[in-house]
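J.: Sequence:
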Amino acid sequence: MPTNVLVAYGTTNGSTAEIAETIAEVLRKDGLTVDALPARSVPSAAPYDAVVVGGGLYAGRWHRDARRFVRRHGKALAERPLWYFSSGPLDPSASERDIPPVPGVKKAMARLDAREHITFGGCLQEGAKGWVARMIVRNGKGGDFRDFDQIKAWAARIGQELTS
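Numbering (the working numbering), first residue to last: 1 to 164.
If you are wondering where the hints come from, they were derived from the structure by calculation, not from laboratory data.
Check the hints yourself; a few may be wrong.
What the hints assert, rightly or not - In silico SDA-like cross-links for lysine to any residue, where the CA-CA straight-line distance does not exceed 20 angstroms:
(1) K141 with R157
(2) K75 with S41
(3) K106 with Y58
(4) K107 with I118
(5) K106 with R72
(6) K129 with L90
(7) K129 with I118
(8) K75 with T22
(9) K141 with S95
(10) K107 with A78
(11) K106 with P89
(12) K106 with A76
(13) K106 with G140
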């Protein structure tokens with residue numbers, strides 16, 4: 001039974017990190033040992049029995065740190081149970097329907113035989129980094145669209161799979 005899990009994430013403004021921490025918290029309640037770490041700071045995926053990788057979506061692409069993590073650690077990831085999540089839509093659509101992975105994530109899923117991908121709503125609020133993000137917020141299109149009940153339910157399914 002896998003017991004040591006990595007939740008690696010790419011984030012710019014911290015909302016994807018909060019999703020990753022929520023996933024880690026649920027998995028810990030299932031008795032698993034979990035590290036939730038920024039993808040760029042993970043030296044190796046080899047010490048982990050299972051991995052969850054998440055990234056914020058920006059202009060139809062996964063966060064650069066998540067993409068680089070998957071490329072850099074591809075061999076180790078292919079040998080472990082692997083799940084992906086994305087965060088991004090700034091509307092309630094992710095809670096209302098399944099949003100497929102963006103093309104780059106879909107390719108990485110196939111290449112590394114990931115078990116599942118889910119897209120969660122995003123969060124962009126006052127103080128966001130980047131000119132485009134600030135314009136989105138200034139134009140009233142920001143907000144917090146993360147559904148933490150949905151996030152916890154998805155993490156619980158992973159925990160159940162890993163502990164059964």
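J.: Work down the list of hints and note, for each, if the structure agrees.
T.: Right, here's what the structure says about each hint:
1. Note on K141 and R157: the hinted pairing is violated, with a Cα-Cα distance of about 32 angstroms set against a maximum of 20 angstroms.
2. With a C-alpha separation of about 18 angstroms, the suggested pairing of K75 with S41 holds against the 20 angstroms cut-off.
3. About 16 angstroms separates the Cα atoms of K106 and Y58, which keeps this hinted pair within 20 angstroms; it holds.
4. Distance check on the hinted pair: K107 and I118 sit about 15 angstroms apart at the alpha-carbon level, within 20 angstroms; holds.
5. A threshold of 20 angstroms between alpha carbons decides the hint, and for K106 with R72 the separation of about 17 angstroms falls inside it, so the pair holds.
6. Among the hinted pairs, K129 with L90 is consistent with the structure: their alpha-carbon atoms are about 16 angstroms apart, no more than 20 angstroms.
7. Between K129 and I118 the alpha-carbon distance is near 25 angstroms, which puts this suggested pair outside the 20 angstroms criterion.
8. For a cut-off of 20 angstroms, the pair hint linking K75 to T22 is broken: about 27 angstroms separates their Cα positions.
9. Restraint check: the Cα-Cα separation between K141 and S95 comes to about 17 angstroms, which is no more than 20 angstroms; the hinted pair holds.
10. Restraint check: the Cα-Cα separation between K107 and A78 comes to about 13 angstroms, which is no more than 20 angstroms; the hinted pair holds.
11. In summary, the hint linking K106 to P89 is supported, as the alpha carbons are separated by about 17 angstroms, within the 20 angstroms threshold.
12. As the CA atoms of K106 and A76 are separated by approximately 18 angstroms, the hinted pair is consistent with the 20 angstroms bound.
13. At roughly 31 angstroms between alpha-carbon atoms, K106 and G140 are farther apart than 20 angstroms, so this suggested pair is violated.
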